[in-house]
Amino acid sequence: MRKFCIVLKYELKEYFSSKGFLAVTVLLALAALVLPFLPRLVDLSGFTGVKIVGGDSGQERKDRDLFLYLDEAGTVRESVLRELFPEAEWQAAAQRQELIDGVESKKAKAGFVITGETEYEYFVYNKSMSDTNSYRFDEVMRTLYRENYSKARGWSLKEIQGMYNVPITVSEQVLNKDTGENFWYCYLLVIIVFMLIVMYGQMIAVSVTNEKSNRAIEVLVTSTSSNSLLFGKVAAGALGGLFQAGTILGAALISYQINRKAWGGRLDMFLHVPAEVLVTFAVFGLGGYLFYAFLYGAMGALVSKTEDVSKSAGGLLMVVMAVYFFSLFQLENVDGPVIRVLSFLPVSSYSTMFARIAMGTVSAWEVVLSFLILVLSILGAGALGAGIYRMGTLRYGNPIKLSTALRELRREKR
Amino acid sequence: MLLEIRDIHKSFGGNKVLHGVSFQVESGRALGLLGRNGAGKTTTIRILMDVFRADSGELLLDGKRFVPGEYRIGYLPEERGLYPKRKVMDQMIFLASLRGMDRRSARIGAEKWLKRLGVEEYADRKLETLSKGNQQKVQLAATLVHEPQIVILDEPFSGLDPVNAQVLKDVINGLIAEERIVIFSSHQMSYVEEFCDHIVIIDKGRVVLAGELNKIKREYGRDRLVLAAQDMAPARLKERAERELAGLASVSGVQKDFLILELAANAERSQVLERLGRSDIPVELFGSFCPSLNDIFVEKVGV
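The listed protein sequences derive, respectively, from chains A and B. The opening position of the first sequence corresponds to residue 1 in the numbering used here, with each subsequent residue numbered one higher. The opening position of the second sequence corresponds to residue 1 in the numbering used here, with each subsequent residue numbered one higher.
For the record, the hints were derived by calculation from the structure and aren't laboratory data. Built from N, CA and C at the ideal position, the CB exists for glycine as well. Do not take every clue at face value.
What the hints assert, rightly or not - Straight-line Cα separation of at most 25 Å, BS3-like style, residue types lysine-lysine; simulated pairs: (1) A:LYS3 <-> A:LYS13; (2) A:LYS19 <-> B:LYS16; (3) A:LYS13 <-> B:LYS85.
What the hints assert, rightly or not - Quick list of simulated restraints, FRET-style, between CB atoms: (4) A:ILE258 <-> B:GLU111: 49 to 57 Å; (5) A:PRO337 <-> B:HIS19: 54 to 62 Å; (6) A:HIS272 <-> B:LYS85: 25 to 33 Å.
With the rest of the complex left out, here is chain A (with noise of 0.2 Å):
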């Protein structure tokens, strides 16, 4: 044990001593604590609904974008155009040319002609591509008109609109869990995942082999158990991931929370995580991590050049990219057999599991079951890997196959 802390004390520096990792985590912790502050500092209402906090009004009024109008057909009612245009400032020129300049000259935003009751003239100097004026345009002359014709044969237009958008009042009772509403987190905290296998694992095979390259292996193996260095090494990667990911995961939730109300709640789909479902993802999604480390170490010490390393762990990463992509397609149908099957495997639980947790029915003995045998797969993967790591560290040359590696482990332990 007391080598094990030695091995993992060793290890961890490497990792904080970094000025790469150390920058990463920085630098996006940085930008998952200020980019929640942006509802603050920028206008984002059109996405959130909610106003800028302690905007000033006047300034506001300022930077409301100009349009023009000329009713050529005498319908254009201003209430009209504020009510469907709320954040534009309207101004009726004079005539079709002084329209054109004021558009040309990009003091407005754009210009309208109206030349009939169900006609206009849309003027725009560069139309971008999210261009909506004149559909929201349509909508101004179908109200005009609509209120026209109801006014000139002495219909009620509210009565009508009342009628045709009679409220329904809906008290909805979800009795377990809302999919819809778990369902974007999930998405994100399944991909975090993966991605932490992939790059750590990934990692700590590229560490295991280096020591391989560089001989250091030698030294290492007489000085102390395959399975203190082994283990010691996954436990660091474990920890350097749970850091860095729980930092800036950490900083993205506690500065989403503290900014909820100026989001209007709109980003709740990915940073408004239930602490049942935190937990859940943590105690799964570290078990895979630590599942898929011990494997990557031990496809690590079958080679001994790094440029190998891709080549020996890229089964490793076909079954973690398959496991990805089937937790991803299966996340709309959570109670499914297949996610039900693979949230037993050890390969898989990492991520069904705890989408099943998250957005399905399951039982506390499913769960307990999945557990532990994700706890006694990490141990059995411990074992192996740091068999074939012990095994495999001496041999330098040509890459070892794995089957012959698992060959050679069945014949020693005989």
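Fit chain B to the known structure of chain A by using the hints.
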């Protein structure tokens, strides 16, 4: 302390690499472990270090089962290697800690050995920034940082210039004087002759020669003589010697400045001397042949 390796056998995947290797070494002595490449030296050392387990045989220390983890062992592998991108002091403390020292003692030990080997100024430098010779000295310091009772040095002189080699010689002599067990493996026979009282030559996984070096040398030189003549080239001398000494000795080797003669069965060296006296060979040198370790090694394991 007496370390005994008894009848060690080892195979890798059906390929037998050690066939009953046995030898022993005691405190205050250096043992030269010799053999051609692939003879089984490194496998023997790795079994001693508990990296591999022997298929059969036993390791004993003072008659009891030897468990490497219970002793301080310093191993300098032939394939040198530490972490190139980490600081010298950090990795020395790390290795000393793994070998059972607390952090403070590890630092003191590291400082002591870096200073003794003249590389203390590089303690806070990354290993890869040091010259090959200095990296070699750091590696040796890392081997000795925990004051091992048993020291195994595999090719310790490779890559060292004469000045650094002298520093290392002093260190090894110091280790022997401090009553430690030193196992020394090298292809540079002059160094082995310099330090080792006993040698073991392994060939194809078998011990082909073992014992006290002086005795072995005497044994190998017992029936051999050296002969040199004034103003006579060895080739010419060989021709004359074969004719004059027929029946008493034969020429078994021609060196640059002398011949090596092999005494015939029942012949005495006095008879050879007498025969030479009667001949007109202008004898310049006549005496017992003392073979070098290199001669013995080549004779035992050469093709």
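Each hint, compared with the structure:
A C-alpha spacing of about 15 Å is found between A:LYS3 and A:LYS13, which places the hinted pair at or below 25 Å, so the restraint holds. Of the supplied pair hints, the one linking A:LYS19 and B:LYS16 is violated, its CA atoms being roughly 48 Å apart against a limit of 25 Å. This hinted pair checks out: A:LYS13 and B:LYS85 have alpha carbons roughly 13 Å apart, not beyond 25 Å. Range check, A:ILE258 to B:GLU111: about 50 Å between beta-carbon atoms, so the 49 to 57 Å window is met.
About 59 Å separates the C-beta atoms of A:PRO337 and B:HIS19, a value consistent with the hinted range of 54 to 62 Å. With their beta carbons about 42 Å apart, A:HIS272 and B:LYS85 fall outside the hinted range of 25 to 33 Å.
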